[in-house]
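**Student:** Top line first, the protein sequences correspond to chains A and B. Last residue of the first sequence: 286 (the numbering used here), numbering continuous. Last residue of the second sequence: 322 (the numbering used here), numbering continuous.
There's no promise every hint is true.
[As the list claims (entries may be wrong)] Within a straight-line C-alpha distance of at most 25 Å, the following computed DSS-like cross-link-like pairs (lysine-lysine) qualify:
(1) B:K80 x B:K252
(2) B:K158 x B:K13
(3) B:K161 x B:K80
(4) A:K142 x B:K54
(5) B:K161 x A:K50
(6) A:K112 x B:K13
(7) B:K80 x B:K54
(8) A:K140 x B:K54
Everything labelled a hint here was simulated from the structure, so no lab data went into it. What you are looking at is a predicted structure, and each value in this text was computed from that prediction instead of being measured.
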Amino acid sequence: MSNKKTAKNTNSVHGRRAVAYIVLILLTFLCLVWFYVLFINATRSNAQLKSGFTPFPGKYLLRNLRNLFNGPTPVIRGMLNSLVIAGCSAVLSVYFSTMTAFAIHGYEFRAKRLIFTFILMIMMIPTQVSALGFIRLMGKMKLTDTYIPLILPSIAAPVTFFYMKQYMDANLPASLIEAARIDGAGELKIFNTIVLPLMKPAIAVQAIFTFVASWNNYFTPNLIINSKMKKTLPILLAELRNSDWKTFDMGQVYAMIAFAIFPVIVVYLLLSRYIVGGVTAGGVKE
Amino acid sequence: MNKTVHKSNHLNKHNRWGYYFLIPFVVIFVVFQLVPLISTIYNSFFENYMSGLKQVGPRFVGFANFKALISSGDLFVYFKNTMIMWALGFVPQILVSLLLGAWFTDPALRLKGQRFFKTVIYLPNLIMASAFSMLFFTLFSDSGPVNSILLQIGVLSKAFKFMSNVWSVRGLVAMMNFLMWFGNTTILLMAGMMGIDQSLFEAAEVDGASARQIFFRITLPLLRPILIYVMITSLIGGLQMFDVPQVLTNGKGDPMRSSMTLIMYLNKHLFSKNYGMAGALSVILLIITGILSIIVFRVSAADEVRGGRHRDRDKLVKEEES
Chain A
1 MSNKKTAKNT NSVHGRRAVA YIVLILLTFL CLVWFYVLFI NATRSNAQLK
51 SGFTPFPGKY LLRNLRNLFN GPTPVIRGML NSLVIAGCSA VLSVYFSTMT
101 AFAIHGYEFR AKRLIFTFIL MIMMIPTQVS ALGFIRLMGK MKLTDTYIPL
151 ILPSIAAPVT FFYMKQYMDA NLPASLIEAA RIDGAGELKI FNTIVLPLMK
201 PAIAVQAIFT FVASWNNYFT PNLIINSKMK KTLPILLAEL RNSDWKTFDM
251 GQVYAMIAFA IFPVIVVYLL LSRYIVGGVT AGGVKE
Chain B
1 MNKTVHKSNH LNKHNRWGYY FLIPFVVIFV VFQLVPLIST IYNSFFENYM
51 SGLKQVGPRF VGFANFKALI SSGDLFVYFK NTMIMWALGF VPQILVSLLL
101 GAWFTDPALR LKGQRFFKTV IYLPNLIMAS AFSMLFFTLF SDSGPVNSIL
151 LQIGVLSKAF KFMSNVWSVR GLVAMMNFLM WFGNTTILLM AGMMGIDQSL
201 FEAAEVDGAS ARQIFFRITL PLLRPILIYV MITSLIGGLQ MFDVPQVLTN
251 GKGDPMRSSM TLIMYLNKHL FSKNYGMAGA LSVILLIITG ILSIIVFRVS
301 AADEVRGGRH RDRDKLVKEE ES
């Protein structure tokens, strides 16, 4: 009786495992096939592309890229602009979010509970909801068409703050701070030389997420930036859709999309360990 | 946790630094978020738009902008579009994520290559939505590779116009949202599943429960807080749907504005400097966001004991962020 049951269980495990692998392989295909087609098409000439799809790469990748870089759309400049904005946002966001989290975590003061609850409440408010007031205020402050409205707001990032706070609760012993204080270290120095280094894993994860969010952002930059040379990559891509793309060299169109997508994929594959782990890290150690 | 801090009351002076360290957050929040939000609400009560090159207003009109917005009917159409495209993506997303999460965390299955699969399913989440959408637009265009492949293998006899059909456009938007978010949801749900006490599974197995029974009787009920969280955030994210349909349909929401979302509508008003209407729409969005989160939360927490709600929320906020 019990033997029979075990045999049946083993069978069902084998069956379920087979189903699981089939579904996983199908999903893997569904996730990657678009990027495969993108890669193939970026390596083919306009004429080849017009004659239909083949699953094998062509020889036009370098030519397509060269045409793209020499074309009227400043893609390299766009990528540099995106890099500068996303890089500055990530640095400012993690530094000041950690500082905010340390204020709540490490000190006792009257408004502490109130401020913490308040930050949690505003976490869910979509940024688009205040976009109208935002662009009008930036206009009045003469900040339209500058990067300041795209970078500075990342200092007040409730989600990053919350992640840092969680991480501190689990990983920052109060005794260490106390010891440094007894040694006569100032509070700012304690923050910069003791808290920040201890927060490195959390900082790395949040820096990546903030960078990606800013890098991919289209809504706000599109409302703030007007000059061609200041535009970020997402704006340039949306403009590609906006233009009369049918008259375009399709090889170049695919090359531009590939130019926007593949560097991100490469960086992701290098950092995937931190990224996939980072989605759930922080509270695990509690 | 803060015991040492309490003990050091003789050093109380340093606690002032709690305020100092909050200054950057508070200043930036007030300037770039709070003032704009208040100004948006303020603007919603004024007539203020461009008629050609002529500036009309600003003139206080009370709730006239809201009345105009609601009576035109567009608002409901765009709300419906947004919700349809969200639901089309969210339903498969939550089902697939639950299934994958259960498989990945099932010790009996011992699936190999988990890191590879997790890396792959999370990948689309990091892709620039505008680039991804532009890619789908080219792939599914009338003479694009998808049509070309379907013609070659004989599924179609003539090219299918994906961009001219209401449900294929909505379907593509939903599929992109699904692809971009199911990996993230899977990883979140897995964390929740791994947090469940293993002895519960062992006990159930000893009692002869099948994998299906264990999933529906143990895993699912215990996952509720995190499922609620995933749903609330996905819904709020869904209301903000913009990049994908905007780029796919070039901001037009074609065909016949059937894929026009609320934020695309807002974006249109902002670009045409129709500030009164944009303000009213923003306020409505703010209210909808608020109400929806409360409704979803209440419905899901309806059978909780009184007072359990707050505990639940704290727990869930903790779990999700972690």
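**Student:** Please go over all the hints and tell whether each is borne out by the structure.
**Tutor:** Verification of the hints:
no. : hint           : result
1   : B:K80 x B:K252 : holds, 16 Å
2   : B:K158 x B:K13 : violated, 78 Å
3   : B:K161 x B:K80 : holds, 23 Å
4   : A:K142 x B:K54 : holds, 22 Å
5   : B:K161 x A:K50 : holds, 17 Å
6   : A:K112 x B:K13 : holds, 16 Å
7   : B:K80 x B:K54  : violated, 34 Å
8   : A:K140 x B:K54 : holds, 20 Å
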